[in-house]
Amino acid sequence: MSEVIIETEGLTKRYGNFTAVESLDLRLEEGEVFGFLGPNGSGKSTTILMLLGLTEPTEGWARISGFDPTRNPLGVKRMIGYLPENVGFYNDLSGRENLQYTARLNEMPREESDQRIEDLMDQVELSAAKSQPVGQYSRGMRQRLGLADVLLKEPKLVILDDPTLGLDPAGVNWLLQLIQEMSKTEGITVFISSHRLHEVQRICNRVGIMSHGKMVLEGPVGELIDRQEEGYQLELEVSEVTPELVQALDGLPTVDRCVVLGNTITLSSKDQVRPIAMAAIQEHGVELLQMQSRDRSLEEIYLRYFQEG
Amino acid sequence: MGAIFWKEMADHFGRRRFIFLLALVLLAIIWALSVIFGTVQDAASSREEFLFLKVFSSNTDVLPSLLFFISFFGPLAGIILGFDSINSERTQGTLARVLSNPVHRDSVYNGKFLAGLATLAVIQVSTILGIVGATMASLGIVPDGEEIIRLVGFAIVSIAYLGLWLAVSMAASIFFRSTVVSAMVAIGLWLLSTFFLILVAGAIADFFVGEIVDQETAIEHFNMETWISRVSPSFLFSEAADTLLNPTVRTLGVFLQEQVPGLLSSPISAVQSLRLVWPHIVAMISAVVIFLAVSYTKFIREEIRS
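As they're listed, the protein sequences go chains A and B.
With my numbering as the guide, the letters of the first sequence map in order to residues 1015 to 1323.
With my numbering as the guide, the letters of the second sequence map in order to residues 1432 to 1737.
Fair warning: there could be bad hints in the mix.
[Unchecked claim] Now the in silico label distances, taken between C-beta atoms and shown as ranges:
1) A:1124 / B:1449: 18 to 28 Å
2) A:1029 / B:1553: 38 to 48 Å
3) B:1630 / A:1121: 43 to 53 Å
4) A:1125 / B:1622: 43 to 53 Å
5) B:1444 / A:1182: 35 to 45 Å
Hints listed in this document are in silico derivations from the structure and should not be mistaken for laboratory results.
By construction, the Cβ of each residue, glycine as well, lies at the ideal position given by its N, Cα and C atoms.
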């Protein structure tokens, strides 16, 4: 069994009467890429701050590779590379100088770190701008520099707080690909928080969805979809809606919901009912104008929790 | 902590505001020259002693003494180096990133404070050396051992004084998120303690002691006024610096006319002057420690959000 990197139990953070994170149980094993999803204000960043020891939990505990972030912050911080939301750099220093400072904070030997910084700047495609002050960097360049900064200390675990925020689609793709690569080649565990599911979904082994400080859904992406009670949705646009037709469709096997909106009937069912639904429509002498069948995607699940939020 | 210290040092010396500090040093030296040619030159020709100290403590017809200059502008130097030390990193988003590296929070704070203090020491020592140099060049004399001891003592007292204002402004930078607010608060405290407190000290003494009718009430009034004024760092500094730079100051309290005949007219030794101001130095350093402790307790448990 591989090592447990993140473990929390009953992790709770309250600000006065407001509960930002409620009783969170998390468990991440080495090499996993975990997507921590949820709308803004659902407690993602607060959870991350607790994992890093940048704020103290009100109740419960967290362990990073066995270390307690509150009691032994340095042990934790040696292993974690953290890319904050809106990462900040010293604007009057160059990209390279900013990384050199990080290296010194981590007490890395000078020659070794200088070489590593050059390599990382190449890797994040910032070699051309490495001597420029960070104040002149674009949003995407800062994010890339942030990634280099995180990787510099050779972390076991990387925590990325909304890393795709404010990037253009090409930038997002590039960044996610790089994250995926580093997790594969160097076996780094990745904890990536985002409020944009479709972007990160494809690189995650497992996701957890946060809503109002609680983790409402957690598991591998594919499994989460299967776990949804409503398996299929069928949208039928017909020339005429008759009560008999609706009754017949509602009575089809495994159909548990039948919603009529204008000339469109939407069937929700556990099994695929397309052939028998078509047969039923023909039987009633109604013309089928359009038919659309869709899988319940994770996006839909996600949206459901988001609409509640 | 070393990494933070050296980065902050590089920052202090590289910033535009350092030019302001250098301008202060230059201004102090020009001020000294005007004191030298205005007052001290005459003293030199009449073969007075302690000319180097006189450069610091004498005023001219136009200008107050250099001591006043330092007690007035010194706090500004301290405030300039500290008022945005923590909150600017917070707004810039660098604090969360720095603290996600294996450094203790107190190292960040201590590194910044020590770098500020070292910068202030450099500024203050170069001011004193510049003034001594200007005196040597213009009057053609060298300081003797006694004067050097007194000047070193003065350097220590003035660095403690500037360090106190650094500690105040750094505390403000922790308690207030906005750099403007923390600068205002630090400058407000400075104005309050430098001018207001000394102004009201007399009034408070009036209230408690009442009218001065005889020797006893006069002494009581004086003591109360002095003790209230001593809450102000600038008063404390002026008193200590005055004593160190003026060997004829023998006591900080009152002495009565009838005690005067018993006094020796010769100046006291540097060591004795130092003993006289020892409580002042301790008081200033304790004030620094108190401000550091307050900032520290606030900063250490705080949530660092980017």
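_Taking the earlier hints as the rules, which of them does this structure contradict?_
Hint check: nothing fails, all pass.
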